[in-house]
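*Asks:* Each chain, letter by letter, is given below.
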Amino acid sequence: MKIENRIVGDVHLLDCSGKITLGEGTMAIRNTVREVLKNGGKKIVLNLADVNYIDSSGIGELVSSFTTVTNQNGQLKLLSLTKKIHELLAITKLLTVFQTYDDEAAALNSFK
Amino acid sequence: MTIKSDRIEIRIGSALEYLDLVQTLTDCITDFMGFDDDTAHWIGMSVRESVTNAIQHGNKLDPNKRVDIRFEVAPDHLEITVKDEGKGFQIDLLPNPLDPENLLKPSGRGIFYIRSFMDEVEFIPHSQGGMEVHMVKKVPSNSAVKETEI
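Residue numbers (my numbering), protein chains in the order written: chain A, 1 to 112; chain B, 1001 to 1150.
Just to be clear, a hint being listed does not mean it is correct.
Coverage of chain B stretches by chain A, computed from C-beta distances (three or more under 8 Å per stretch; other residues unrestricted) [unchecked claim]: (1) 1044 to 1052; (2) 1092 to 1105; (3) 1135 to 1141.
Examples of chain A residues lying across from chain B (beta carbon under 7 Å, computed) [said to hold, decoys possible]: (4) S56; (5) V63; (6) T67.
None of these hints come from the bench; they were simulated from the model.
Virtual Cβ for every residue (Gly too), placed ideally from N, Cα, C.
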């Protein structure tokens, strides 16, 4: 699991790649999002295009990060869901919780 | 020799490091049986969720407790059983992750996913202790267990 933090204006685009599963994957998301918040970042986009596997703990970590960011008056949005992540979010009604985008420009513009 | 049905069993310790090993074995079996990629993915995820629950919630990561995983390959279906040595739980008491008050909870979706992706799922508590998860996935009629020369 790798996460690269690209900063575009005041938006933190976190490019995630690999597996978001219980343990290393979920901790990487958690630590990176908390680090962004600690440094004052309030606008976060998780780019999931290159996430090749996610389990229920990974989905849970997306929810947990969303809650943490929202509670600190920030916004966390999702970019480029894979077909499988989309299905996992859909059947657990989480598409009603997250704002999701198919392209980066639309995700960035959504904060304006 | 033509393999038409078989049983594959493994026993692992209560460590999350074994999850990738179980996942790899599951992927090999579903490939062997001719499941399409999407179905194979969801079977693999269901097994991973079951084994994660067995290790984490059933055996509570106790290194002295084991998890038994059994795959029964049949021409028209795959049966998978995951058994832990924990105290078991009452399946009916688990909160529904779709209830509005549970939507933002970070956990509690694993069993829901297993039930969504497998054709049959049963939770069997054992009187001597331990919980058994029994799952079945039917082979679509246009695919079949590969005939393998060995």
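*Asks:* Next step is simple, just say for each hint if it's right about the structure.
*Replies:* Hint-by-hint comparison with the structure:
With 4 residues having a Cβ less than 8 Å from any Cβ of chain A, the region 1044 to 1052 of chain B passes the three-residue criterion, so the hint holds. Here the region 1092 to 1105 of chain B counts 5 residues with a CB under 8 Å from a CB of chain A, which clears the bar of 3, and the coverage holds. Residue count for the region 1135 to 1141 of chain B with a Cβ under 8 Å from a Cβ of chain A: 0. That is fewer than the three needed, and the coverage hint is violated. With 7 Å as the threshold, the beta carbon of S56/A comes within range of chain B, its nearest partner Cβ sitting at about 4 Å, so the hint holds.
Evaluation of the V63/A hint against chain B yields a held restraint, the C-beta minimum of about 5 Å falling below 7 Å. Nearest Cβ of chain B to the Cβ of T67/A: about 6 Å, under the 7 Å cut. The hint holds.
Checked against the numbered hints above, the structure violates only hint 3.
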